[in-house]
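2 protein chains.
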Amino acid sequence: MNYAVIIAGGSGTRLWPLSRRSRSKQSLRLVGDRSMFQHAVDRLAPLFQPEQIYAVTRADQSALLSSQVPELPVASFINEPVGRGTAPAIGLAAIQLRQTDPQAIMAVLTADHYITDTKQFRRVLEAASSLAGDGHLVTLGIKPASPSTGFGYIQQGESLGTIHGFPVFRVERFTEKPVLDVARQMVTSGRYSWNSGMFVWRVDRILQEFRDQMPALYAQLTEVEVALGSSDYQAVLARAWNRLAEQTIDYGVMEHAADVVVIPVDIGWTDVGSWASLADLLPPDQDGNIFVGPYQEIDTHNTLVFGGKRLVATIGLQDIVIVDSEDALLVCARNREQEVREIVERLKINGDSQWL
Amino acid sequence: MNYAVIIAGGSGTRLWPLSRRSRSKQSLRLVGDRSMFQHAVDRLAPLFQPEQIYAVTRADQSALLSSQVPELPVASFINEPVGRGTAPAIGLAAIQLRQTDPQAIMAVLTADHYITDTKQFRRVLEAASSLAGDGHLVTLGIKPASPSTGFGYIQQGESLGTIHGFPVFRVERFTEKPVLDVARQMVTSGRYSWNSGMFVWRVDRILQEFRDQMPALYAQLTEVEVALGSSDYQAVLARAWNRLAEQTIDYGVMEHAADVVVIPVDIGWTDVGSWASLADLLPPDQDGNIFVGPYQEIDTHNTLVFGGKRLVATIGLQDIVIVDSEDALLVCARNREQEVREIVERLKINGDSQWL
Numbered sequence: 001m002n003y004a005v006i007i008a009g010g011s012g013t014r015l016w017p018l019s020r021r022s023r024s025k026q027s028l029r030l031v032g033d034r035s036m037f038q039h040a041v042d043r044l045a046p047l048f049q050p051e052q053i054y055a056v057t058r059a060d061q062s063a064l065l066s067s068q069v070p071e072l073p074v075a076s077f078i079n080e081p082v083g084r085g086t087a088p089a090i091g092l093a094a095i096q097l098r099q100t101d102p103q104a105i106m107a108v109l110t111a112d113h114y115i116t117d118t119k120q121f122r123r124v125l126e127a128a129s130s131l132a133g134d135g136h137l138v139t140l141g142i143k144p145a146s147p148s149t150g151f152g153y154i155q156q157g158e159s160l161g162t163i164h165g166f167p168v169f170r171v172e173r174f175t176e177k178p179v180l181d182v183a184r185q186m187v188t189s190g191r192y193s194w195n196s197g198m199f200v201w202r203v204d205r206i207l208q209e210f211r212d213q214m215p216a217l218y219a220q221l222t223e224v225e226v227a228l229g230s231s232d233y234q235a236v237l238a239r240a241w242n243r244l245a246e247q248t249i250d251y252g253v254m255e256h257a258a259d260v261v262v263i264p265v266d267i268g269w270t271d272v273g274s275w276a277s278l279a280d281l282l283p284p285d286q287d288g289n290i291f292v293g294p295y296q297e298i299d300t301h302n303t304l305v306f307g308g309k310r311l312v313a314t315i316g317l318q319d320i321v322i323v324d325s326e327d328a329l330l331v332c333a334r335n336r337e338q339e340v341r342e343i344v345e346r347l348k349i350n351g352d353s354q355w356l
Numbered sequence: 001m002n003y004a005v006i007i008a009g010g011s012g013t014r015l016w017p018l019s020r021r022s023r024s025k026q027s028l029r030l031v032g033d034r035s036m037f038q039h040a041v042d043r044l045a046p047l048f049q050p051e052q053i054y055a056v057t058r059a060d061q062s063a064l065l066s067s068q069v070p071e072l073p074v075a076s077f078i079n080e081p082v083g084r085g086t087a088p089a090i091g092l093a094a095i096q097l098r099q100t101d102p103q104a105i106m107a108v109l110t111a112d113h114y115i116t117d118t119k120q121f122r123r124v125l126e127a128a129s130s131l132a133g134d135g136h137l138v139t140l141g142i143k144p145a146s147p148s149t150g151f152g153y154i155q156q157g158e159s160l161g162t163i164h165g166f167p168v169f170r171v172e173r174f175t176e177k178p179v180l181d182v183a184r185q186m187v188t189s190g191r192y193s194w195n196s197g198m199f200v201w202r203v204d205r206i207l208q209e210f211r212d213q214m215p216a217l218y219a220q221l222t223e224v225e226v227a228l229g230s231s232d233y234q235a236v237l238a239r240a241w242n243r244l245a246e247q248t249i250d251y252g253v254m255e256h257a258a259d260v261v262v263i264p265v266d267i268g269w270t271d272v273g274s275w276a277s278l279a280d281l282l283p284p285d286q287d288g289n290i291f292v293g294p295y296q297e298i299d300t301h302n303t304l305v306f307g308g309k310r311l312v313a314t315i316g317l318q319d320i321v322i323v324d325s326e327d328a329l330l331v332c333a334r335n336r337e338q339e340v341r342e343i344v345e346r347l348k349i350n351g352d353s354q355w356l
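Quick mapping for you: the protein sequence lines, in order, are chains A and B. Counting in our numbering, the first sequence runs from 1 upward without gaps. Counting in our numbering, the second sequence runs from 1 upward without gaps.
Certain hints may be false.
Derived DSSO-like pairs (lysine-lysine); straight-line CA-CA distance at most 27 angstroms [claimed, not checked]:
| # | chain 1 | residue 1 | chain 2 | residue 2 |
| --- | --- | --- | --- | --- |
| 1 | A | 119 | A | 143 |
| 2 | A | 177 | A | 143 |
| 3 | A | 348 | A | 177 |
| 4 | B | 143 | B | 119 |
| 5 | B | 309 | A | 348 |
| 6 | A | 309 | B | 348 |
| 7 | B | 177 | B | 143 |
| 8 | A | 309 | B | 309 |
Treat the hints as calculated values from the structure; they're not laboratory data. Nothing here was measured: the structure is a model prediction, and the numbers come from that model.
Go ahead and model the full structure; you've got the sequences and the hints to work with.
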């Protein structure tokens with residue numbers, strides 16, 4: 001049996017003021033009229049029954065996401081009391097699936113990314129499942145469209161041939177976000193993919209790696225596993241998660257795991273991590289502008305206006321990002337979107353919680 | 001007896017999106033926590049009793065202005081059915097004052113301007129009243145702070161000596177808004193003042209000029225005058241105002257009137273006609289920014305943020321004007337504020353009346 005596990009926690013602070021504590025990035029309608037989470041479920045539909053689709057999310061974000069995708073059973077939502085990074089999130093899903101079928105194949109997917117070629121996406125998922133059935137830990141690598149310094153990279157090692165027509169390589173190395181010069185060399189070499197955070201593996205195989213490489217986390221996971229289905233579950237989970245540090249699957253498990261392979265693919269993948277990356281997804285007008293919501297513009301160029309109900313009027317602007325939300329407004333130079341994070345940090349420090 | 005008549009109609013489209021059909025510029029709290037109209041009344045208080053202060057305004061703006069200045073009797077509000085320019089507005093006040101005292105002195109004042117030296121303002125009003133008592137039509141000229149192309153200019157002629165220490169000149173000529181080169185020459189010559197739209201005269205004298213120079217308007221005014229206090233008044237006024245074209249006092253009356261004098265004064269006068277001029281009135285921070293309302297900024301320079309309740313976050317901006325209102329937002333390059341008018345025009349053409 002195959003399962004899809006969508007990792008749908010996270011805060012998305014770089015998409016402030018739209019993404020908020022009570023309104024996670026995954027719940028936002030950023031592309032078209034479906035939320036990022038709805039898109040993530042939609043593209044799985046032809047391959048998975050609703051009962052095969054799980055989402056790991058934060059307890060306080062779960063109700064909103066569940067309401068957006070009523071076709072998923074409520075039991076599909078695996079709720080973390082607090083976010084502790086991708087390793088605990090994936091581990092929590094894995095122990096739950098082990099109860100049903102230790103040999104089950106588990107695709108770890110995201111709701112942070114937009115994928116235009118969903119057919120190719122499903123084809124590579126099927127190919128990866130075949131590989132995972134043999135015990136490989138499969139990572140989906142994204143063919144780099146640019147020397148981005150915003151992603152980790154996966155270095156391809158020995159070729160293992162092809163599966164369903166997709167080339168497969170042993171993973172030589174996971175690298176952290178590089179500086180620009182290094183990123184350029186990586187892309188030019190043709191031997192690196194972006195790390196998409198999408199993985200396919202057998203439940204028993206990944207839990208074996210957790211046990212070997214992150215024994216402290218694994219110990220907490222087994223305590224939680226014992227409590228599954230009992231009235232103690234929430235309390236045990238909360239206690240366990242309180243004890244955990246933040247840990248990512250990449251550095252906690254994948255870097256030193258055995259038998260890790262990568263399938264480099266081109267599926268029209270975009271990380272919707274910032275307003276700049278979202279702008280790449282929306283069709284601009286002849287002046288390079290993108291307007292979402294009612295607007296009036298005079299002599300405006302290369303500007304993103306992500307509005308809603310309110311009218312946004314722009315005059316004489318160039319390379320500006322405007323994001324309008326109910327109670328907060330962002331106006332930002334277009335090459336400075338990464339600093340939105342700093343605004344959110346300051347609001348935290350100042351205790352301005354109504355805008356977080 | 002002296003009267004002050006505040007001309008408080010007008011739309012202020014260049015202050016959109018704050019100024020709206022239902023919320024005239026005069027009713028806005030642009031400087032400090034008093035509206036422009038409240039400031040206009042406040043600075044008269046030491047010189048006039050509430051019963052001596054009148055306001056000419058549009059009927060649909062009258063209730064809001066009246067509620068802002070409860071000390072003025074409701075009868076102080078002279079309501080026009082529609083705005084027809086300054087000449088009909090002043091004429092309407094003059095015929096009403098003539099009923100009480102044809103020899104009354106009437107100071108025509110504005111609520112569009114901010115005056116920092118209110119003591120000097122009242123001193124010059126008293127001086128102008130003395131002159132007006134002798135039959136002069138007195139204009140208050142503003143000593144030009146710059147070669148502005150946004151105002152009409154008044155050319156000084158023969159000196160008539162001083163009154164209460166203020167120099168008095170015959171008016172040689174009223175000029176329309178000049179081009180920059182001409183404005184520079186005017187300011188350098190020292191013989192020109194800005195036309196502030198403030199006048200002091202006897203009621204009988206100005207009505208005599210209306211009769212001689214604008215007989216069609218005067219005929220309508222006398223019809224309205226006959227109906228004053230009757231149950232027909234509103235109907236007669238509406239009919240008369242429907243027949244009128246827009247006419248300003250400057251070109252309709254003052255240019256060819258007899259015995260027009262000017263007192264050039266420095267009273268810290270600022271026309272609050274656009275966001276640029278408002279910015280001149282508010283104290284900037286060390287980066288040249290002005291923030292009204294809650295904000296967070298990173299690397300922002302020479303930027304005006306006129307907000308309110310909502311948080312405005314700015315990153316990497318230079319020379320931008322941001323004006324946030326309940327249902328509409330303006331983001332504008334700082335040298336382009338005059339074009340706000342065009343936005344308003346387009347909304348009219350499109351029938352987007354909710355934002356007008």
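Evaluated hints:
{"no.": "1", "hint": "A:119 x A:143", "verdict": "holds (17 angstroms)"}
{"no.": "2", "hint": "A:177 x A:143", "verdict": "holds (15 angstroms)"}
{"no.": "3", "hint": "A:348 x A:177", "verdict": "holds (26 angstroms)"}
{"no.": "4", "hint": "B:143 x B:119", "verdict": "holds (17 angstroms)"}
{"no.": "5", "hint": "B:309 x A:348", "verdict": "holds (19 angstroms)"}
{"no.": "6", "hint": "A:309 x B:348", "verdict": "holds (19 angstroms)"}
{"no.": "7", "hint": "B:177 x B:143", "verdict": "holds (15 angstroms)"}
{"no.": "8", "hint": "A:309 x B:309", "verdict": "holds (17 angstroms)"}
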